[in-house]
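Peer 1: Chain residues, written in single-letter form:
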Amino acid sequence: MSSEGAPRTAEAGPVIPPLPPGYTYATVSDKISSIVLGQRRRPGWFAGFAFSFLLVLLLFGAISYLLAKGVGIWGINIPVAWGFAITNFVWWIGIGHAGTLISAILLLLHQRWRTSINRFAEAMTIFAVSCAAMFPLLHMGRPWLFYWLFPYYPNYMKVWPQFRSPLVWDVFAVSTYFIVSLLFWYVGMIPDLATLRDRARSKAKQIIYGMMAMGWRGSAIHWSRYEMTSLLLAGLATPLVVSVHTVVSFDFTIAIVPGWHSTIFPPYFVAGAIYSGFAMVLTLAIPLRKFYHLEEFITLRHLDNCAKVMLGTGLIVAYGYVMETFMAFYSGEIFDKYMIMNRMFGPYWSVYAIVILCNVLLPQSLWSRRVRRNIPALFALSLIINLGMWTERFMIVVVSLSRDFTPSAWGFFIPTRWDWAVLVGSIGLFVAMFYLFIRYLPAISIFEMRHELAKEKEGE
Amino acid sequence: MSMEDFNNEPLDLAAIRAPVTQSKSKRMWRGLADLAQTPESQKFRNDEFPHEPVKPVGLSRRNVLKYMAASAAMAGLTACTKLPAEKIVPYVRPPEEIVPGKPLFYATSTQIGGEGLGMLVESHMGRPTKIEGNPGHPGSLGGTDVFMQASILGLYDPDRSQVVMRDGQISDWADFAADISSARLDWQAQKGAGVRLLTETVLSPTLTAQVRAFLAEFPEAKWHQYEPCARDSARDGARMAFAQYVNTIYHMDRADIVVSLDADFLSSGPGHVRYARDFALRRDPDSTERKMNRFYVIESTPTVTGTMADHRLPLRASDVEIFARALATSLDVSGEGATPTVPKSIHDWASALARDLQAHRGSSIVIAGEQQPPIVHALAHAMNERLGNQGKTVAYTDPLEAEPVNELESLRTLVNDMDAGKVQTLVVLDANPVYNAPVEFDFVRTYLKVPQRIHTGLYCNETGSLANWHIPATHYLEAWGDTRAYDGTISIIQPLIAPLYQGKSAHEVLAALNGNPEASGHEIIRDYWRGHGTAQSAAQDFELWWEKTLNDGVMAATSLPEKQLAVNLRLPNATPSNKTEGLEIVFRPDPTIGDGRFANNGWLQELPKPITHLTWDNAAQLSPATAERLKLQNGDYVNLSLAGWKLGAPVWISPGHADDSVTLHLGYGRTRAGKVGTFTGVNAYFLRNSREPWIAHGLQIQKTGQKYALATTQHHHLIDVDATQGGDENAGPQREGESVQAFARDLVQVATIDEFKKNPDFVHEGVEKKEHENPLSLYPGYPDTGYAWGMAIDLNRCIGCSACVVACQSENNIAVVGKDQVLRGRQMHWIRVDTYFRGGVDNPEMYSEPVPCMQCENAPCELVCPVGATNHSPEGLNVMVYNRCVGTRYCSNNCPYKVRRFNFLLYSDWETQSLYGMRNPDVTVRSRGVMEKCTYCLQRINAAKINSEEENRYVRDGEIVTACQQACPADAIVFGNINDKTSRVAKWKAKQRNYGLLEVLNTRPRTTYLAKIRNPNADMPQDSAGASAVDGTRTARRR
Amino acid sequence: MPQIFHPSTNTISRVSIYGCVVIVAFLSFALYEIGQSPYYTEQNIPQPQPVPFSHRHHAAELGIDCRYCHDTVETSAFAGMPSTQTCMTCHSQIWTNSPMLQPVRDSYETGRSISWTRVNALPEFAYFNHSIHVAKGIGCTTCHGRVGTMTLTWRATTMQMSWCLGCHRQPEKYVRPREQVFNVNYAPPPDQLALGRKLVREYKIQRLTSCDTCHR
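Residue numbers (my numbering), protein chains in the order written: chain A, 2 to 461; chain B, 167 to 1205; chain C, 2 to 217.
Please note that the accuracy of each hint is not assured.
[Stated by the list, open to error] The calculated EDC-like cross-link candidates involving lysine to aspartate or glutamate, where the alpha carbons are at most 16 Å apart (straight line), are:
1. A:Lys338 - A:Glu325
2. C:Lys137 - C:Glu180
3. B:Lys1153 - B:Asp1123
4. B:Lys357 - B:Glu386
5. B:Lys388 - B:Glu569
6. A:Lys32 - A:Glu297
7. B:Lys923 - B:Asp450
8. B:Lys1157 - B:Asp452
9. B:Lys268 - B:Glu1116
10. B:Lys841 - B:Asp1075
11. B:Lys253 - C:Glu125
12. C:Lys137 - B:Glu1117
13. A:Lys32 - A:Glu296
14. C:Lys137 - B:Glu1116
15. B:Lys268 - C:Asp72
16. B:Lys1147 - B:Asp1123
17. C:Lys205 - B:Glu1116
18. C:Lys137 - B:Glu1115
19. B:Lys388 - B:Asp583
20. C:Lys205 - B:Glu1115
21. B:Lys841 - B:Glu1077
22. C:Lys205 - B:Glu1117
23. B:Lys923 - B:Glu386
24. B:Lys268 - C:Glu75
25. C:Lys205 - B:Asp950
26. C:Lys137 - C:Glu173
27. B:Lys1157 - B:Asp927
Hints listed in this document are in silico derivations from the structure and should not be mistaken for laboratory results.
In isolation and in its complexed conformation, chain A is listed as follows (with noise of 0.2 Å):
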């Protein structure tokens, strides 16, 4: 089909402009395969990453402080027992979702444009995830003994986890989760990989590519088996999206907290987790294709339709607020009418405000095809919606517990310079991760877009 006709024929599935003329496989894998192999330095790419490394530092300053004095560096205590830790982690968990969203169930749905961005999604999931698996670990107040949450066998204690706790739930989900990403993440890369590996000059380059491309050849039979893992894997995935996040949501929903014990919890959690993973591929998509010349692998259509996803989930998420509050009232339950009044009244009031502001109101604009298709204006949202969703978990973790059934025992959470270096720093872990990704493995699927440039030569 011809390029003017393409974008007109949405109800046919959205199909992404077809890559300028001139394009050839060899080309298509010069391009992508230049970023890890090309010689010329980049300065740019040094100087973000040496900022972003340094932030890793303070996070290992900050954890080893953690380590030798205890949690009390942080703002919580009894009642805010729970502060940025899982703040954090359910905020990371949250971004986690697009890549695995976008690799496995757009996938399935046979959304073609996912191609060029499905990569850098998913090593975005693989980051975000491993950012968020750290906090659990770190939040306990004897980390050394996580491993008491496993039941492990045989042990001396004859004592085991205790599976009515939804924690003990949260690591079996977030882990399974982990696994699966990753092989996902890796598996699709394969062939990649052994492009990378012959197109490598330097013998080192070879070798390394060449074992993680685990001796790919291209075979027929290969590619069978690749396709069938893939399918496979997405089929794994795909409820994995929905489960983790709800997993995560029982963390609150199971405790009896005015303001976490809610039943709109799980799916409300899933929406805003895909709200902020949208967001993040934005942020990161946006500066990695000016500053890596590919426009013309992601183009404005896949801006354009994230920013719809982002759209439709941040409804949701609007949606999930207006039932919190509208059962609050309509249960006539003290705890829950004081739980909202206190959050929107009360102390933290400026939280709910920005809540509110960053992840219902500003959002809304996405509904002008010109704001969607504004580069800036975008990137400005991407930002938006993350903070946002960062606050609106901190409204959930610690508002909720800073006010809840006993008068006297209300407190306040004021976090210390250690909640904060804790949380840039794995913002900078995420960030370095990043880096090196670009850097060395493929960022955007060499062979998938070949594929979807032999459909069009095939005239499909």
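Given the structure of chain A, go ahead and fit chains B and C onto it with the hints provided.
Peer 2: Then chains B and C, alone, in the frame of chain A:
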């Protein structure tokens, strides 16, 4: 098995014996380290010294090791660390009756606040570990107060003075003895002219005898007594009324009407522990034989006594006299002296009260407060006589003090003599005048004029550090002595442990002054009583009598006989009202650290002060209205100036405080208290002059614009005042925001006695009965082992004194965390006493509610713990397994009562050797990163169960007494087996007043409460507290 | 384009993949074994003592009752360690100048305690009570092994929580008649289970597996 442990590592006293100079430099280092450690606390605090015993992080070897341990731990190595090799060190010759692993109890007593209090002290392998009340002692009846409970920490306080110091150099007793014996020669030469003894109020017969002997030998020498919070006005009041010193005893259990004229008799002053018990007896609405008493309180500062009032009238302390006169007039007490015209409101109140009193002649009590001038005391005596209470509810005896004096005047003479250079030698026994003498005495200057200054005390304090000779005193648990209870009953102070350091008791020091430095305290006391024994001691064999006396903890039949006295009152004219205009300032001993002697006691420093819930600080308390008038908010740092003396202090707004009156508690601002107490709070003695020692006038307040971080454990004011910055008109409802919610949530259930009679089941309105029969739970019930432990707390009896909090801390090795940590909301108390207000901020009703763990049957905490570290015992306890806890803190989040406590940092002191001895070996000392909580004193339950099992029987009712229950002076807490329907707790729980907190959550708490019943007088003026009680329950019902 | 990898790489890669699995399995197994090996639990390792005291000689051969030295075992949590005086009741008469007993005599003269090496230890957070176990018919040798055969004493069991639970879950397997508690040569009868069930009923023995039984 800590007891073997204790054997393995005997107290390393050598290590403890560090020169004061060193410890000082160390303290400094700590201070800096702490500051560095907690940056964000700085934006709150503007005092340079942190007050925390929490170990700071610093690059010491120990910390480096900690780091390594932590990282090693991360590597999961803890899984394969071996148990450390231990040693067992048995006795060479086993002592009698000590069974390793079984505690022993000894009766002893101590003198606190002008009375002797009897106690039973638990001793593990020779280490006193816990103090309990002595049921046989008239002043205790088994109850205790916060000071008794916390005094054990004083014994093991590492900051205690440990060596004899001469001019700042380490010396010893022999040296001192030599010096004294040479000095005695000079004294003999001039009959002791220029020799002065300064003691605190002396009740001890033996000490009195020793002092008299000394004075007999040196007739020119003089004896002065001074305590900053002495009972001068009570003594002078008695003088005024009866022309002689007498001691007054009240029979609260016989009184139908009690009127307190600014008297905090439930939490301070002689007999307060006993009075609390007797008073509680008369607050039982269910009782058939005793009808509930009615309690009127006229006071300036909200006190725990005030919280018990049926009618409370906040009145400037200086107006209480006017009120007293008005009341006396309406009771037509004879006596000259013009009564000033009183405001109508006061007049109505007084006359209504008078009618009630008239209706209860012979069964009423009028008490005047220690801080009130003599005239008020005199009036109180007169009114009691007029009402025919004498001999019925009020009794008079000879004074407890052998030599009652006006101590302020006594000190004044001493100071004048010192100033005039008439004093060559000053011997200070325990007193600390350099710190607590009235400011205009300028004690230090005159003190330093004395060539030979001898001080003995527990600490090398402000006075001791300026003395030529400082002799470390023995703690009362280390020394022999004797004292008198509030009714004169004599009790022997017997030691439980040999002096840890080079301490000497006051008796031994005086013996040295009397030329007998070798005499042991034991001999001194025994010899005295061999001579001055009572009738029986003469009758029977002394040894038997002595044994019995020691064993019982009281000397039989030694209470002072009652006297019949006639009041002969000549009223002086009322103080002209112009003198009392403007702001007044009221000085009171601090509710938790007293007059300052307990400043270095971490438990008491961190104990939330009743009503205000302040810790680690005192503050200038004033009423909301006054605060608004002066544009002051909580935590504003102000300059108080009085008669030319200035003092900076933080402001605390306390609802129910009298207007135009400022209360500042004494005891803070110590400069040589020790690591814990030095530089906490502000020193009120800097404002206190001898002319107006209690109630001073003409106070000026200037705002400095600075803020001061006050650490409270219940934030009701702090939060809401912050929230209402600027908006003062709605400050009222805002300030009690918490309390309004508390009543809306039925956390406190209140009714007047009439409402209760009308609707006895009022506490259960809106709560379905059904929940109680069938547990609404998905999970199967727990096996019934015959025991089901439960607790009931009678809000009608509880006076909110917090003795239970300290008792719990002592019993369960609970750590002190320090002001900075309290500021972050990390206090560790397993039981807390909540305060809620109702009915407007100017004169609210105040309710105290002790909150331990509820031990829910459907416990939310249990099912969220990922490792099962907290779970349900078959007997219904929520047990907490510290060594299983990984510290996710999920359980605390899910606890609706927030009674769980977490070791955010390493709070327990693992380093101070001397504290090891104090710990209860039957309770694990928690380390960093684990949750902890109340377990109904599990160690006591298990001990009793093992006992009964071995005797093949069930645990008897009352055999297990939890620490809080034991300590309670008002007997407001009952614990036991609720399966046994005959048990006391089951009976309490069967009462209609019985309700649980947040029952709507179906947590099914095992700890329940008996609702508060008030007994207001219908024909009182409406503006008083009682008025709002009438519509009280409506407020409570609101949902 | 030249081959990067030698054909043998295929084998190597396969081996390394399976190798990893095997190694992980082995390590976890080894860790567990070490965890309950005598090296870690000090089970069956005779402890050197300042005086080479032989339970075999005193308890078995001379037939001195356990309670003669461990005198608080029936009344207290702590079984009690004999004071020097207790040793000297006999050894002031016999073996009065045996060099082995020199430390005992020294202690008696100087008043400085003998410091024995602890053989049976529990962690601080586990609260064990001897008296109740004795009262319920749990024999000394059930936990402390055949002390009658020990010349130098050693820890006879792992004393790990799983071991405690073994008995707390099935006391009938271990309980013995009260009069046999201090018998160092007691051998359970063939019908132990039958006897055990009887005694459990008789002595009102509960299966206490709630945490608060030992931890507080």
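Peer 1: Decide, hint by hint, whether the structure agrees.
Peer 2: Each hint tested on the structure:
no. : hint                  : in the structure
1   : A:Lys338 - A:Glu325   : 10 Å, holds
2   : C:Lys137 - C:Glu180   : 11 Å, holds
3   : B:Lys1153 - B:Asp1123 : 12 Å, holds
4   : B:Lys357 - B:Glu386   : 5 Å, holds
5   : B:Lys388 - B:Glu569   : 13 Å, holds
6   : A:Lys32 - A:Glu297    : 11 Å, holds
7   : B:Lys923 - B:Asp450   : 13 Å, holds
8   : B:Lys1157 - B:Asp452  : 8 Å, holds
9   : B:Lys268 - B:Glu1116  : 15 Å, holds
10  : B:Lys841 - B:Asp1075  : 14 Å, holds
11  : B:Lys253 - C:Glu125   : 14 Å, holds
12  : C:Lys137 - B:Glu1117  : 11 Å, holds
13  : A:Lys32 - A:Glu296    : 12 Å, holds
14  : C:Lys137 - B:Glu1116  : 8 Å, holds
15  : B:Lys268 - C:Asp72    : 13 Å, holds
16  : B:Lys1147 - B:Asp1123 : 10 Å, holds
17  : C:Lys205 - B:Glu1116  : 11 Å, holds
18  : C:Lys137 - B:Glu1115  : 9 Å, holds
19  : B:Lys388 - B:Asp583   : 11 Å, holds
20  : C:Lys205 - B:Glu1115  : 9 Å, holds
21  : B:Lys841 - B:Glu1077  : 15 Å, holds
22  : C:Lys205 - B:Glu1117  : 12 Å, holds
23  : B:Lys923 - B:Glu386   : 68 Å, violated
24  : B:Lys268 - C:Glu75    : 12 Å, holds
25  : C:Lys205 - B:Asp950   : 15 Å, holds
26  : C:Lys137 - C:Glu173   : 11 Å, holds
27  : B:Lys1157 - B:Asp927  : 9 Å, holds
Figure legend: structure checked against the earlier numbered hints; the only hint not met is number 23.
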